[in-house]
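> Single-letter residue listing:
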Amino acid sequence: MSESLIRARGLTKKFDDFTAVNGIDFDVLKGESFGLLGPNGAGKSTAMRMIGATSQRTSGELTILGKDPEQFGPQIRAHLGVVPQQDNLDTQLSVTENLYIYGRYFGLSRKFLKGKIEELLAFAQLEEKRSAKVESLSGGMKRRLTIARALVSEPEILMLDEPTTGLDPQARHILWDRLFRLKEDGVTLLITTHFMDEAEQLCDRLVVMDKGSIMAEGSPAQLIKDYSTKEVLEVRFGSERNAGMANDLGQLCERIEELPDRILMYTEDGEELLERVYKKGFHPKTSLVRRSSLEDVFLRLTGRTLVD
Amino acid sequence: MSSFQARQGSLKIVDAAKVAARGALFVTEARLRSMLKWVWLIISIAIANPVLYLISIGLGLGSYIDQNAGSAGIDGVSYLTFLAPALLATAAIQGAMDESVFPTLEGFKWNKTFFSMNATPLSGNHIAMGVFFNSLIRTVFTAVLYWLVMLAFGVLESPRAYLAIFTAVMAGAAFGALMQALAGLLENENMFFTIVERFIIMPLFLFSGTFYPLSSMPIFLQWIGWISPLWHATELGRWLTYGSEISTSMLFVHFIFLNSILAVGLFASRRIFTRRLGK
Amino acid sequence: MILSTAVAIAEARMGKPGEKYYSGRSRAIMERAYIAFKSSTWMIVISGFVEPVLFLLSFGYGLKDLVGDITVAGQPVGYVAFIAPALLATSAMNGAIYDSTMNVYFKLKHDRLYHGMLATSLGPMDVALGEISWALLRGLSYSIGFMAIVAPLGLIPSMWGILAIPAAVLIAFGFASFGMAVTSYMKSFQQLEIVNVVLLPMFLFSGSFYPLDVFPEWLQTVIRIFPLAHAIDLVRGLTLGNISWALAGHAMYFVVMIVIGLFFTTRRLNALFMR
Ligand SMILES: Nc1ncnc2c1ncn2[C@@H]1O[C@H](COP(=O)(O)OP(=O)(O)OP(=O)(O)O)[C@@H](O)[C@H]1O
Ligand SMILES: [Mg+2]
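Those protein sequences? They're chains E, P and R, same order as listed.
Sequential numbering from 1 applies to the first sequence in full-length UniProt numbering.
Sequential numbering from 1 applies to the second sequence in full-length UniProt numbering.
Sequential numbering from 1 applies to the third sequence in full-length UniProt numbering.
Hints are computed from structural coordinates only; laboratory data are not their basis.
The C-beta atom is built at its ideal place from N, Cα and C for all residues, glycine as well.
Mixed in with the good hints there might be a few duds.
Said to hold, decoys possible - With a Cα cut of at most 20 Å, we get these calculated SDA-like pairs of lysine to any residue:
1. R:Lys38 <-> E:Thr91
2. R:Lys109 <-> E:Ser45
3. R:Lys109 <-> P:Leu105
What the hints assert, rightly or not - Computed list of chain R residues with no C-beta within reach of chain E, every gap over 12 Å:
4. Tyr34
5. Thr71
6. Leu118
7. Pro216
8. Gly249
Make a model of the complete structure from these sequences and hints.
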């Protein structure tokens with residue numbers, strides 16, 4: 001087994017009385033890509049900040065690269081590249097200056113940075129905006145700059161808190177591709193996201209969090225296998241009638257989830273199930289057959305949808 | 001989300017004509033509500049400021065000046081009496097500034113409330129006027145409190161002294177409207193406050209004949225006073241509170257100057273707000 | 001695995017005292033301030049220099065005939081020469097307070113700038129020291145600039161006056177470290193207003209524009225609890241050449257203020273930067 005770069009046991013964070021992270025355990029291994037998945041307020045960002053050695057834990061154990069972040073903050077952070085959920089670019093500086101000074105914070109030499117900045121500008125597709133002020137960038141450009149900035153020190157662990165919010169589909173795919181390549185180079189990735197497809201694409205392993213606790217852990221495929229069926233049939237009857245239908249439909253499939261706007265029916269074969277629904281004399285306004293996703297895993301575990 | 005009322009439709013419940021006529025008042029209401037959160041701070045500043053200035057400069061520095069000037073006094077009165085109307089106008093201007101510049105920057109830039117207001121039937125004109133009315137309320141409030149403190153200090157010698165409240169408010173409104181327009185123009189400037197404070201407010205405060213007659217400045221600095229609403233309001237205030245000597249034609253000049261600035265400021269604010277919201 | 005330079009540098013401090021907070025590179029913060037100065041903050045920086053000059057022009061030249069000479073230590077002193085040192089001390093205070101309160105608070109809460117800095121191998125101490133050093137550098141250039149204007153006008157009668165420059169830096173250091181400590185206890189922007197509530201009366205009553213002895217004894221005692229009166233007496237004593245042990249006392253006041261300020265700032269660094 002390879003070494004564990006991040007190790008948490010009973011990791012807890014309280015803000016006054018409120019428990020944001022409630023005794024979570026996990027290990028992130030060297031070279032893997034590890035995901036934190038959960039709805040708003042689950043405690044993902046709070047956990048990320050503790051791992052980033054910028055927030056003190058309330059209790060529990062945490063070691064990063066074998067060290068306690070409370071004791072060795074600067075040394076641990078020297079190995080981390082952090083993309084926070086909210087961009088915190090230096091608004092008084094230009095694009096290039098942002099990359100430059102961030103590198104200086106790591107103590108990198110001017111000569112090294114000169115080349116590095118060009119490389120990162122190309123990566124973030126911001127060559128034309130090199131001397132623009134940060135304020136004049138679009139939301140997605142700022143995001144790309146924040147991501148590029150995190151790479152300036154060639155970190156061992158790259159931590160991305162919802163990296164692709166605000167990116168257009170093309171930029172998203174470019175980022176995914178780039179993250180794959182970093183992984184091939186041996187960089188360990190820690191990612192939080194709301195996007196199912198992103199988690200399924202990027203993460204070797206992930207934990208599902210809710211209300212500060214870990215609900216389940218495994219690879220995306222394994223989680224889907226363990227907590228859901230192969231396919232899902234979604235039917236809509238209009239907002240008044242959905243509720244009344246659930247009981248009758250429930251007898252037709254393994255499991256059923258009733259949401260305000262639609263009903264989800266879990267089964268191994270969706271098309272076949274849909275036929276049986278029609279045969280029984282039900283006529284949904286719309287219907288859709290799809291493969292199970294992490295969304296369904298989450299719904300099963302918590303009774304709530306991930307993206308409200 | 002649970003108990004929705006039956007939908008009536010915006011055609012029925014929104015009276016567009018009413019909004020068009022009274023929109024500015026709705027904006028004023030919104031601003032007033034956020035101002036009320038600060039009401040204790042505003043009251044304390046409005047009282048503490050005059051008391052501190054009148055004691056420190058008026059009485060403290062005044063004791064040296066009065067001693068030096070002998071019985072002639074300065075402009076025929078004690079330094080405290082001479083200084084007070086200038087400080088009254090200054091406070092009115094400062095109050096108007098706070099309540100017009102800050103909300104304008106906030107509304108356009110910091111939390112973009114103006115854009116969400118503009119997504120309702122409210123127009124740029126409504127928003128500009130709403131902000132202005134609100135700052136006018138703050139200005140009147142500040143001026144009245146200041147005036148009462150002056151009364152307590154016994155520096156109001158003339159029976160028509162209460163009119164000085166109006167001239168001070170006039171200066172505040174004029175300056176506030178102008179600054180509101182300027183703040184509306186700024187696309188991205190975090191440092192606006194400091195710059196305006198140090199390059200506009202400070203020089204106006206220092207060179208408008210506030211602490212000594214404008215005529216005792218060298219001529220190359222006197223022009224700052226001539227274009228400063230503060231000087232015009234101060235001259236009017238001195239005439240009203242202790243009856244300083246001033247020609248009737250100059251009274252008109254001061255009065256017309258202040259009102260022209262007000263008109264220009266309001267016109268520009270409305271134009272600038274409308275244009276920026278439509279961008 | 002290639003160890004990047006960042007790692008090497010951070011690890012160089014391994015085992016040294018304070019490694020938890022400090023990575024020994026506050027100069028990177030000053031470099032950042034310099035770049036920002038070149039491109040965007042220069043207006044503010046220059047405006048801080050202009051302020052005391054405007055006051056000098058207005059109060060000095062507008063009031064000098066009205067007030068006449070002021071007697072200091074038995075000697076008559078022209079009014080402009082009387083207020084010039086006070087303006088130097090006051091502008092040192094204003095600059096330092098702005099840098100350590102508003103400026104720090106905005107970068108912290110509004111721009112989340114320090115969050116970015118602290119995600120690197122910098123520690124909170126690097127950030128605090130870097131910001132304070134930059135503020136002092138600014139304070140130093142302000143006072144040199146101010147002296148360069150007033151000395152040729154004959155407003156610094158004594159050779160001791162040259163010491164007013166380091167004195168102004170000492171004053172700025174005192175206010176900056178104290179201001180930062182205060183900022184570390186601030187929970188909301190509104191609370192920062194309290195700083196202004198203290199500053200205005202201090203500015204008005206600390207003897208900038210006339211000697212303190214017009215006030216009753218008790219009020220003078222109260223005024224001397226606050227730092228600005230000491231700052232003004234220190235700088236004025238130097239520029240007018242009234243050298244006495246009292247000046248050492250005023251300087252000590254600021255040394256103590258620096259020590260207390262830094263003590264609390266250091267203690268509260270985590271609360272300030274790392275919640
Ligand atoms: N500084 C803070 N002070 C007080 N409470 C906080 C603080 N930061 C986070 N919280 C609370 O902790 C909980 C978890 O927040 P966190 O930001 O970690 O959620 P998240 O999983 O990242 O959510 P999202 O998907 O919305 O980003 C929330 O209830 C939040 O209100
Ligand atoms: Mg989050």
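> Next step is simple, just say for each hint if it's right about the structure.
Evaluation of the provided hints:
Of the supplied pair hints, the one linking R:Lys38 and E:Thr91 holds, its CA atoms being roughly 14 Å apart against a limit of 20 Å. Note on R:Lys109 and E:Ser45: the hinted pairing holds, with a Cα-Cα distance of about 17 Å set against a maximum of 20 Å. Proposed proximity of R:Lys109 and P:Leu105 is supported: the alpha carbons are some 18 Å apart, at most 20 Å. Its closest Cβ contact with chain E, about 10 Å, brings R:Tyr34 to no more than 12 Å, contrary to its assignment away from the interface.
Non-interface call for R:Thr71 relative to chain E: holds, since the shortest CB-CB distance, roughly 48 Å, exceeds 12 Å. Against the 12 Å criterion, R:Leu118 falls within the reach of chain E, whose nearest CB is about 5 Å from its own CB. Distance check on R:Pro216: its Cβ is at least 47 Å (rounded) from any Cβ of chain E, clearing the 12 Å threshold; non-interface status holds. No beta-carbon of chain E comes within 12 Å of the beta-carbon of R:Gly249; the shortest separation is about 40 Å.
Checked against the numbered hints above, the structure violates hints 4 and 6; every other hint is satisfied.
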